[in-house]
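Q: These are the residues of each chain, in order.
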Amino acid sequence: MSDHHRKLINDPDTLIEDLIEGMVSAHPDLLHVEGGTGRAIVARNGPRDGKVGIVVGGGSGHEPAFAGYVGRGLADAAPLGNIFASPSPAQIADAGRAADGGAGVLFLFGNYTGDVMNFGMAAEDMAREGVPARCFVVTDDVASAPADRAGERRGIAGDFFVFKVAGAAADRGLDLDAVEAAAARANAATRTMGVALSACVLPQTGRPNFDLPVGQMEIGMGIHGEPGIERGPAEGADAVADRLLEPILEELRLGAGDRVAVLVNGLGSTSLLELYLLHRRVAAVLSARDVAIHRSWVGEYCTSLDMEGASVTLMRLDADLEAWLDHPCKTPALRVGE
Amino acid sequence: MSDHHRKLINDPDTLIEDLIEGMVSAHPDLLHVEGGTGRAIVARNGPRDGKVGIVVGGGSGHEPAFAGYVGRGLADAAPLGNIFASPSPAQIADAGRAADGGAGVLFLFGNYTGDVMNFGMAAEDMAREGVPARCFVVTDDVASAPADRAGERRGIAGDFFVFKVAGAAADRGLDLDAVEAAAARANAATRTMGVALSACVLPQTGRPNFDLPVGQMEIGMGIHGEPGIERGPAEGADAVADRLLEPILEELRLGAGDRVAVLVNGLGSTSLLELYLLHRRVAAVLSARDVAIHRSWVGEYCTSLDMEGASVTLMRLDADLEAWLDHPCKTPALRVGE
Amino acid sequence: MATLKNAGGGAIVRRMADTIVENRGYLSEIDGKIGDGDHGNNMAKGFGRARDRIADTDTLSGAMHTLADVLMGEIGGSMGPLYGMMFDDMASAVETLERIDRAAFGRMLKAGQEGVMAIGEAKRGDKSLLDALIPAVEAFEADPGELSSALAAMKAAAERGRDETRDMVSRIGRSSRLGERSRGVLDAGATSCCMILSVLADETRARLA
Amino acid sequence: MATLKNAGGGAIVRRMADTIVENRGYLSEIDGKIGDGDHGNNMAKGFGRARDRIADTDTLSGAMHTLADVLMGEIGGSMGPLYGMMFDDMASAVETLERIDRAAFGRMLKAGQEGVMAIGEAKRGDKSLLDALIPAVEAFEADPGELSSALAAMKAAAERGRDETRDMVSRIGRSSRLGERSRGVLDAGATSCCMILSVLADETRARLA
Ligand SMILES: Nc1ncnc2c1ncn2[C@@H]1O[C@H](COP(=O)(O)OP(=O)(O)O)[C@@H](O)[C@H]1O
Ligand SMILES: Nc1ncnc2c1ncn2[C@@H]1O[C@H](COP(=O)(O)OP(=O)(O)O)[C@@H](O)[C@H]1O
Ligand SMILES: [Mg+2]
Ligand SMILES: [Mg+2]
Ligand SMILES: [Mg+2]
Ligand SMILES: [Mg+2]
Chain A
1 MSDHHRKLIN DPDTLIEDLI EGMVSAHPDL LHVEGGTGRA IVARNGPRDG
51 KVGIVVGGGS GHEPAFAGYV GRGLADAAPL GNIFASPSPA QIADAGRAAD
101 GGAGVLFLFG NYTGDVMNFG MAAEDMAREG VPARCFVVTD DVASAPADRA
151 GERRGIAGDF FVFKVAGAAA DRGLDLDAVE AAAARANAAT RTMGVALSAC
201 VLPQTGRPNF DLPVGQMEIG MGIHGEPGIE RGPAEGADAV ADRLLEPILE
251 ELRLGAGDRV AVLVNGLGST SLLELYLLHR RVAAVLSARD VAIHRSWVGE
301 YCTSLDMEGA SVTLMRLDAD LEAWLDHPCK TPALRVGE
Chain B
1 MSDHHRKLIN DPDTLIEDLI EGMVSAHPDL LHVEGGTGRA IVARNGPRDG
51 KVGIVVGGGS GHEPAFAGYV GRGLADAAPL GNIFASPSPA QIADAGRAAD
101 GGAGVLFLFG NYTGDVMNFG MAAEDMAREG VPARCFVVTD DVASAPADRA
151 GERRGIAGDF FVFKVAGAAA DRGLDLDAVE AAAARANAAT RTMGVALSAC
201 VLPQTGRPNF DLPVGQMEIG MGIHGEPGIE RGPAEGADAV ADRLLEPILE
251 ELRLGAGDRV AVLVNGLGST SLLELYLLHR RVAAVLSARD VAIHRSWVGE
301 YCTSLDMEGA SVTLMRLDAD LEAWLDHPCK TPALRVGE
Chain C
1 MATLKNAGGG AIVRRMADTI VENRGYLSEI DGKIGDGDHG NNMAKGFGRA
51 RDRIADTDTL SGAMHTLADV LMGEIGGSMG PLYGMMFDDM ASAVETLERI
101 DRAAFGRMLK AGQEGVMAIG EAKRGDKSLL DALIPAVEAF EADPGELSSA
151 LAAMKAAAER GRDETRDMVS RIGRSSRLGE RSRGVLDAGA TSCCMILSVL
201 ADETRARLA
Chain D
1 MATLKNAGGG AIVRRMADTI VENRGYLSEI DGKIGDGDHG NNMAKGFGRA
51 RDRIADTDTL SGAMHTLADV LMGEIGGSMG PLYGMMFDDM ASAVETLERI
101 DRAAFGRMLK AGQEGVMAIG EAKRGDKSLL DALIPAVEAF EADPGELSSA
151 LAAMKAAAER GRDETRDMVS RIGRSSRLGE RSRGVLDAGA TSCCMILSVL
201 ADETRARLA
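Chains as they are written, first to last, in my numbering: chain A, 1 to 338; chain B, 1 to 338; chain C, 1 to 209; chain D, 1 to 209.
Mixed in with the good hints there might be a few duds.
Now the in silico label distances, taken between C-beta atoms and shown as ranges [unchecked claim]:
| hint | chain 1 | residue 1 | chain 2 | residue 2 | range |
| --- | --- | --- | --- | --- | --- |
| 1 | B | Gly102 | A | Pro328 | 32 to 38 Å |
| 2 | A | Glu235 | B | Gly215 | 52 to 58 Å |
| 3 | A | Arg172 | D | Asp163 | 51 to 57 Å |
| 4 | A | Asp211 | D | Ala142 | 39 to 45 Å |
| 5 | B | His294 | A | Arg48 | 39 to 45 Å |
| 6 | C | Ala206 | B | Pro132 | 49 to 55 Å |
Far from chain D, some chain A residues (derived; all Cβ distances over 10 Å) [what the hints assert, rightly or not]:
| hint | residue |
| --- | --- |
| 7 | Ala184 |
| 8 | Leu202 |
| 9 | Gln204 |
| 10 | Glu226 |
| 11 | Arg253 |
| 12 | Ala292 |
| 13 | Val336 |
Below, in silico cross-link-like pairs of lysine to aspartate or glutamate (EDC-like), each with a Cα-Cα straight-line distance of 16 Å or less [stated by the list, open to error]:
| hint | chain 1 | residue 1 | chain 2 | residue 2 |
| --- | --- | --- | --- | --- |
| 14 | D | Lys33 | A | Glu230 |
| 15 | C | Lys33 | B | Asp211 |
| 16 | C | Lys123 | C | Glu164 |
| 17 | C | Lys33 | C | Asp202 |
| 18 | D | Lys33 | D | Glu180 |
| 19 | D | Lys33 | D | Asp167 |
| 20 | D | Lys5 | D | Glu138 |
| 21 | D | Lys33 | A | Glu246 |
| 22 | D | Lys5 | D | Glu203 |
| 23 | D | Lys123 | D | Glu95 |
| 24 | D | Lys110 | D | Glu74 |
| 25 | C | Lys33 | B | Asp125 |
Calculated from the structure, these hints are not laboratory results.
All residues carry an ideal CB built from backbone N, CA and C; glycine is no exception.
Excised from the complex, chain A in its bound form (with noise of 0.2 Å):
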């Protein structure tokens, strides 16, 4: 018997190129690819003159994330890089071409270091062609840093809240200025930490990416598999939803009348069984607390290829937020409104 795990893929060295072939053939009506990289998936109905371009990115492994959060309303640009790894400057500049519409372009992504440097590079690339970029870099796992260096935390699935704010605001017509605010303000009420069961399998090579112990859960741990806070005997639904929740409740403060949006995340091979386990936990506590669900999303929104383990993320909401996240979007992950 091997321990090899054979996935379903082809050859590893065209499978993000199949990927992206994969998205586009279901999507068609949705998605296409622009530029000469071959690496930026495109709103068919998204980009357009004045609106603030909106391209959201990063490492592969992560799906739908973040291709699957380009359309109307939404992102309008994606560019996808390797398994783990930021996308180059070239790919992430034809993706934020194709999303420029002559009011600026804001590039969002999770805080690593990889992703900050190439998207850092085409920002100013972009820059020299003439078209104002910038970068928003997300920063929502709680686990990844002390409140007092918040701005050195990683993003994970709480990207979703971000991104999803950037594009209604962008949609709505804001300015790249205000557009960024309003990212901040999505950033700045939004806080996740994950529990992973199991590593995933990395699909090139058919191993782990690194060694967990059944029956043993790592807490906090990052959507990349990096190490986390704590590591244990794993525990059931309840328990872990109410570790994952502590450090969220007690930064966002949240108390009576507060509203929050909710997301119950699964980095891979959790089922929806168990997501929904957690999240009844989570309308629980929140519940207990006198603190309103405005609307939750229970499902595989920001993988780890097929890692198992999950997510807990709040928003907090304010008025702004809840009619940007109201907002309606049509992509291949998500919809929203009418």
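Place chains B, C and D with the ligands on chain A using the hints.
A: Below, chains B, C and D with the ligands alone, put in the same frame as chain A:
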């Protein structure tokens, strides 16, 4: 190191009750519970006078099937059985009563002994109460019996299309005979085949429900882990897609000018990346035959807990099936139209 | 001639439930080979839940009715209707009796078998629980001795019947799509049915008076 | 005094790529302990792809430019910009030369180090590839001998620098959020950087004339 998988559940004895609370807590605008058994999830905005009631169901462990398809335009109610076990007649009848709008009720479910018996008993019970209730059995799994005994086949992911069509037909006001006939047309036009690359872990016990060594695949395996038609070394995306398509294409006799709907369905822990790779090949094979894809869905629509694997379903379309497929619906797992 | 008191037969059903719950893992494992691996889970859930609602002092017929109600009303699956009908019809066959003699016991078994066949439409040789149940009922009938002896014959026949399922090709239920691949393993339902009949035989014999 | 011909230096870069591709699994494994387990995959993809576009007969500077273009243009990740800038700046430092002497080699190394530091903003001791690179460049400069001797000093210092990352707490990149938990394992980037410098030293020394 233990081989006991601790799943994100609480007390195994309240697993399904917890799941129901979780689903309703996440989708309070769409779902609620009706009836004394507590096992019938009902659309808030579905059942109404004069409309044929649509009830879909079966065992749990296939989330989002079946309760994820409850909502306006699709199913009116779903009774939830235990993991991989049909709901009981009383639980089914609760769903049936909630769905009843005076025009009769259609029960739709996959072809399994347990479901056939329990839904059959429930239909008899309802008839005694004066509600005409009929059973429609989905039989899309080509791997489960030869074509000349197609009526004995299991129902797997093809449920998705048959439910969608029946739900649309009922929502458009067709009578019980016509809704049943629509379901029959959908079922006759729908074929699925699946592949498993791992067993699923039963959440109550933390153990795999059968043995499938890493690196092996089983073609034609059922969504409860029922053995398939062939076991061998796991293959790549294109090779697997070709194998799954072969009997489907043969039976549906698809040729130039034909139109189909496509479902590439993940069984639980196969990544969306891999599912898109399968769709890429499906699209290429269909395009080579000049078969047009009307619409595709790629994702987890009928799972087998956390099983690794996927299935491909095609529904051969005619004008009516296409219209029913495009008819709007709004449920937790599926949204179509405006 | 020794007979069984209906009153107090609740204890027999509770012992049955104990056995099923104890064999939860084993029954699921057998089911995993050619089915979906849940037979023990489903059975343990139903029998375990019924056990909590049955007192040792209940009548045998009352206890079997309770078990049938739980199986059919709350458990679902294949076993809900099949064992539900079996125990419901067995209970109905003796519910008016204070004491159950050999003839009544035989009628009870026969009623159970017919209940299963009416709902499930399977036959002997299909590789199902009927392959333990039918020969057991036949052996009970055919035995020339008293109730105690007929019970022993029933138990032995159930075990033989269970073992014979190993070489059968399934023609019913989940495993029926496997053809030849279903050969070579015991049938899960026949195994649980044999457990049920064995406990019924042993516990009844221990209570004959 | 022995120098290196720029022409034909393509072979050196191709040997580098061979080494990286061979160590794909090892580098990913190290990265898996405190990172995301992909360092070897990313590196092998970039270096492997560049190797296919470089001929042994290319100049060293031309080959390094090609490698930089592939890394920065097509590979992305952290290594795209970091090693991309490193090789780009190294190449620019010697691209006008026919022969590379000790002084030019030193300027080339220094330019590479500065390129990495400009884009990545890391310092020595942060537990990164700079902990192999900086001491290697220093040792090269400080060595009193000829180019061959300086290269040997560079290689030895890179190895020591790599080994010293084991006891460091990370302050940069993915592993920087781990605090004390990042101690006890080699840094993946320092390991690959040491491989690159070792091949550079060995292959250059073999070609000195
Ligand atoms: N129609 C039938 N009549 C009698 N027994 C049956 C019938 N169908 C299935 N069985 C029995 O059911 C057993 C499986 O039970 P179980 O695993 O609980 O249900 P399921 O197959 O629905 O998961 C089989 O081993 C077989 O003995
Ligand atoms: N700012 C930086 N400066 C220099 N080296 C860095 C920097 N950030 C990360 N590194 C190096 O990158 C290595 C990890 O590379 P790799 O795994 O390819 O990228 P990623 O961390 O994006 O997955 C680390 O071991 C470290 O040596
Ligand atoms: Mg990486
Ligand atoms: Mg079952
Ligand atoms: Mg079973
Ligand atoms: Mg890495």
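Q: Does each hint hold? Answer for all of them.
A: A quick look at each hint next to the structure:
| no. | hint | result |
| --- | --- | --- |
| 1 | Gly102(B) x Pro328(A): 32 to 38 Å | 36 Å, holds |
| 2 | Glu235(A) x Gly215(B): 52 to 58 Å | 31 Å, violated |
| 3 | Arg172(A) x Asp163(D): 51 to 57 Å | 56 Å, holds |
| 4 | Asp211(A) x Ala142(D): 39 to 45 Å | 41 Å, holds |
| 5 | His294(B) x Arg48(A): 39 to 45 Å | 28 Å, violated |
| 6 | Ala206(C) x Pro132(B): 49 to 55 Å | 51 Å, holds |
| 7 | Ala184 | 22 Å, holds |
| 8 | Leu202 | 7 Å, violated |
| 9 | Gln204 | 6 Å, violated |
| 10 | Glu226 | 5 Å, violated |
| 11 | Arg253 | 23 Å, holds |
| 12 | Ala292 | 33 Å, holds |
| 13 | Val336 | 30 Å, holds |
| 14 | Lys33(D) x Glu230(A) | 15 Å, holds |
| 15 | Lys33(C) x Asp211(B) | 8 Å, holds |
| 16 | Lys123(C) x Glu164(C) | 15 Å, holds |
| 17 | Lys33(C) x Asp202(C) | 29 Å, violated |
| 18 | Lys33(D) x Glu180(D) | 13 Å, holds |
| 19 | Lys33(D) x Asp167(D) | 14 Å, holds |
| 20 | Lys5(D) x Glu138(D) | 23 Å, violated |
| 21 | Lys33(D) x Glu246(A) | 27 Å, violated |
| 22 | Lys5(D) x Glu203(D) | 12 Å, holds |
| 23 | Lys123(D) x Glu95(D) | 28 Å, violated |
| 24 | Lys110(D) x Glu74(D) | 25 Å, violated |
| 25 | Lys33(C) x Asp125(B) | 35 Å, violated |
Hint violations for this structure: numbers 2, 5, 8, 9, 10, 17, 20, 21, 23, 24 and 25, all remaining hints satisfied.
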